[in-house]
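Colleague: The residues making up each chain are set out below.
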Amino acid sequence: MKAFTVHKGLVAPLDRANVDTDMIIPKQFLKSIKRTGFGKNLFDELRYTDAGEADQDCSGRPLNNDFVLNQPRYKGVSVLLARQNFGCGSSREHAPWALDDFGFRCVIAPSFADIFFNNCFKNGLLPIVFSEEQVDELFVACEGEEGYSLTIDLKRQVVVKPDGSELAFEIDSFRKECLVNGLDEIGLTLRESGAIKTFEDKHQQRFPWLFKELNA
Amino acid sequence: MAGKTLYDKLWDDHLVMSRDDGSALLYIDRQLLHEVTSPQAFEGLRIAGRQPWRISANLATPDHNVPTTVDEREVGIEGIVDPVSKIQVQTLDDNCSEFGITQYAMKDIRQGIVHVVGPEQGATLPGMTVVCGDSHTATHGAFGALAHGIGTSEVEHVLASQCLVAKKMKNMRVRVDGTLGHGVTAKDIVLAVIGKIGTAGGTGCAIEFAGTAIEALSMEGRMTICNMAIEAGARVGLVAVDNTTIEYVKGRPFAPEGVEWEAAVNYWHTLHSDVDAIFDYEVILNACDIQPQVTWGTSPEMVAPVGSVVPDPEAEDDATKAEGIRRALQYMGLEAGQLLTSIKLDRVFIGSCTNSRIEDLRAAAVVVKGRKVADTIKQAMVVPGSGLVKQQAEKEGLDKIFVEAGLEWREPGCSMCLAMNADKLGEGEHCASTSNRNFEGRQGFGGRTHLVSPAMAAAAAVAGYFVDVRDLVKDKQEERA
Ligand code: SF4
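Those protein sequences? They're chains A and B, same order as listed.
Counting along the first sequence from 1, when you hit position 194 you're at 194 in our numbering, and nothing is skipped either side.
Add 216 to a position in the second sequence, counting from 1, and you land on the number used in our numbering.
Derived by calculation from the structure, the hints in this document are not laboratory data.
A hint or two may mislead.
[What the hints assert, rightly or not] Distance condition first, Cα-Cα at most 35 Å in a straight line; then the derived DSBU-like pairs of lysine-lysine:
hint, chain 1, residue 1, chain 2, residue 2
1, A, 176, B, 588
2, B, 386, A, 197
3, B, 220, B, 302
4, B, 323, B, 466
5, B, 616, B, 383
6, A, 202, B, 466
7, B, 302, A, 176
8, B, 384, A, 176
9, B, 220, A, 2
10, B, 220, A, 34
11, A, 212, B, 560
12, A, 75, A, 34
13, A, 161, B, 616
[Claimed, not checked] Calculated from the model, a selection of chain B residues having no Cβ within reach of chain A, i.e. all distances over 12 Å:
hint, residue
14, 395
15, 475
16, 492
[As the list claims (entries may be wrong)] Selected chain A positions facing chain B (Cβ under 8 Å, derived; list incomplete):
hint, residue
17, 55
18, 56
19, 58
20, 59
21, 90
22, 114
23, 214
These numbers come from a predicted model, not from an experiment.
Here a beta-carbon is modelled for each residue, glycine too, at the ideal position from N, C-alpha and C.
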């Protein structure tokens, strides 16, 4: 996993509440058996005016020019500014994969859906929660100034605005450690193999019926 | 000290360790796998050179994009026309063989939607922790099991370590007391709950559904309700174990037997919230106020009783909500103030992990029996949740009732619930669907989904537009016939 320490990036505002994972990456693109290549279909139904299909070359598709990410000023964007309940709906991890593949490293919103929020951390994507007012201000600032960029300093847990002022954010320490070091979560858990085995043996003694072979 | 909630008990019995930051390792008893969210997990294992921790904890079946027509199914995987679907189903097959995981493959009679198959086989038992790379895993909470929908990285994590990194959620109780009116079902309860608390109402919570109306439900009804906990924002839905649960589990292929059964039942009887348990949130509904529900918008919370009208965004004070309504009406092609019963339908879909079990099919069959699908309906289909549900329905002659009425009788799978296979809506088409999501494009690009109960979907098929099923099936006698 890519380590996340300090990231400076262009910000794009997606002014829409309750953006669900179907909108982030529509289901016809979930059929891949790989983890990469979803970026070209990120926000597919908003981005293009035709119906997208899996395995399609997207370079010649008609673009929806009203859609924010299609505007030239947001080319090279890596920080997404979003509204409440971002990432609701289906648990598909393809949503953070698609955001990551497109080039996003960070999503800022007043609230996120649980599963999506969790999935971000597992893929090196940083979701940051700010209050409604703070997010409103960022929307105004970002829409008002071409090339508006933010610096996200994860170690210090602050977002630095262009004028140098800072907004502090919360993140749980474990997730921070994993992101900062690019640590794979499975490896971390397997360091506890001994404890898992001990628990499992006791669990099996207590609930032997849970360990029945399924090979019938 | 206050007593424990059911969720607290399940959590405590699976806690391997708590970490300083408030996260914990939770031991997972059962993982269900399907073709869409598992390939990358197996890919990850292979890349890292890891082996599954406990093979026998896993059970797999393809469901999301298996074709549902007999022609395509007869040939097996080779017969799947869509190339990408074929690769996914084939990859699941290959991974299960490579790692030795039990799979109910496409041609197995036990194949079906994971959330139908698990309980049906007794692979979901009370007191278990169950995970699956699918948000509707909440379904299994109907058994007093702690069931989480997880992402693909977590699928890989559980395969490799038999543990899930979890954070304790808050406890929410939704009490539904009283008796449901005739023609009103579990689906209507859960839609009414979502209408009341909203799609973010249960965020961060495990919702326990309780109260006399929930206790009176069959296991199938309870599964319908827990299935949609995720649509209320909660990853986990729960119902306490009682005799209904135990009766359902008894004799299933993977249920315990003999002395183990006795021991299990003793434990299962403890799986309920203590009387003095404290919930962080509580919501109370009265069952007799609940009427058959129809969603009119693009979120499950955009729901209303069948007798009402499409809401007016102008009448909404909250600007964000008003904008949401406006957007939804535009997408759905509806006018504010229009009667829900004036919505003309193009297709009807009876199926999905919410409503594809035998009881659901029976409820739909009662309504269409001796009637015909309206001429204006382009397609009405019934997709059983598993091969065994299909077999049972055919034994009862339900398939004939459907076919005579003009509905298609399909092979088991997710089908038009998410339109990953050929079963999907055309642009602008309205569909009465027994599934769980009405998001934009969920059932096909530009498709317009209205969520309803199986009985309501059947009634809509016959009428060609929404009708109050209670007008079609006048008394309980007929409902049971
Ligand atoms: S039936 Fe629908 S909701 Fe259920 S598992 Fe399949 S796709 Fe998901």
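Colleague: Hint by hint, note whether the structure agrees.
Modeller: Do the hints match the structure? See the list:
With a CA separation close to 60 Å, the supplied pair residue 176 (chain A) and residue 588 (chain B) exceeds the 35 Å bound. Distance restraint check for residue 386 (chain B) and residue 197 (chain A): the Cα-Cα separation of roughly 28 Å lies within the 35 Å cut-off, and the hinted pair is therefore satisfied. For the given pair, residue 220 (chain B) sits about 47 Å from residue 302 (chain B) by alpha-carbon distance, which is inconsistent with the 35 Å threshold. Between residue 323 (chain B) and residue 466 (chain B) the alpha-carbon distance is near 26 Å, which keeps this suggested pair within the 35 Å criterion.
Note on residue 616 (chain B) and residue 383 (chain B): the hinted pairing is violated, with a Cα-Cα distance of about 49 Å set against a maximum of 35 Å. With a C-alpha separation of about 25 Å, the suggested pair residue 202 (chain A) and residue 466 (chain B) falls inside the 35 Å cut-off, and the hint holds. For the hint linking residue 302 (chain B) to residue 176 (chain A), the alpha-carbon distance of about 39 Å lies beyond 35 Å, and the restraint is violated. Note on residue 384 (chain B) and residue 176 (chain A): the hinted pairing holds, with a Cα-Cα distance of about 19 Å set against a maximum of 35 Å.
Among the hinted pairs, residue 220 (chain B) with residue 2 (chain A) is inconsistent with the structure: their alpha-carbon atoms are about 41 Å apart, more than 35 Å. A hinted pair counts as satisfied when its Cα atoms are at most 35 Å apart, and residue 220 (chain B) with residue 34 (chain A) does not qualify at roughly 43 Å. Note on residue 212 (chain A) and residue 560 (chain B): the hinted pairing is violated, with a Cα-Cα distance of about 51 Å set against a maximum of 35 Å. Between the alpha carbons of residue 75 (chain A) and residue 34 (chain A) the distance comes to roughly 26 Å, so the proposed pair stays at or under 35 Å and holds.
For a cut-off of 35 Å, the pair hint linking residue 161 (chain A) to residue 616 (chain B) is broken: about 67 Å separates their Cα positions. With a least CB separation of 33 Å from chain A, residue 395 (chain B) remains clear of the 12 Å interface cut-off, as annotated. The beta carbon of residue 475 (chain B) sits about 10 Å from the closest Cβ of chain A, which is not more than 12 Å, so the claim that it is off the interface is violated. At roughly 25 Å from the closest C-beta of chain A, the C-beta of residue 492 (chain B) stays outside 12 Å, upholding its exclusion from the interface.
Given hint, residue 55 (chain A) at the interface with chain B, holds; its Cβ is 7 Å from that chain's nearest Cβ, closer than 8 Å. About 11 Å separates the beta-carbon of residue 56 (chain A) from the nearest beta-carbon of chain B, more than 8 Å, and the hint is not met. For residue 58 (chain A), the interface hint is violated, the least distance from its beta-carbon to any beta-carbon of chain B being 15 Å, above 8 Å. The restraint placing residue 59 (chain A) at the interface with chain B is violated, with a minimum CB-CB distance near 20 Å, outside the 8 Å limit.
Given the 8 Å rule on beta carbons, the hint for residue 90 (chain A) holds: about 6 Å separates it from the nearest Cβ of chain B. Nearest Cβ of chain B to the Cβ of residue 114 (chain A): about 6 Å, under the 8 Å cut. The hint holds. Using the Cβ-Cβ criterion of 8 Å, the hint placing residue 214 (chain A) at the interface with chain B is satisfied: the shortest such distance is roughly 4 Å.
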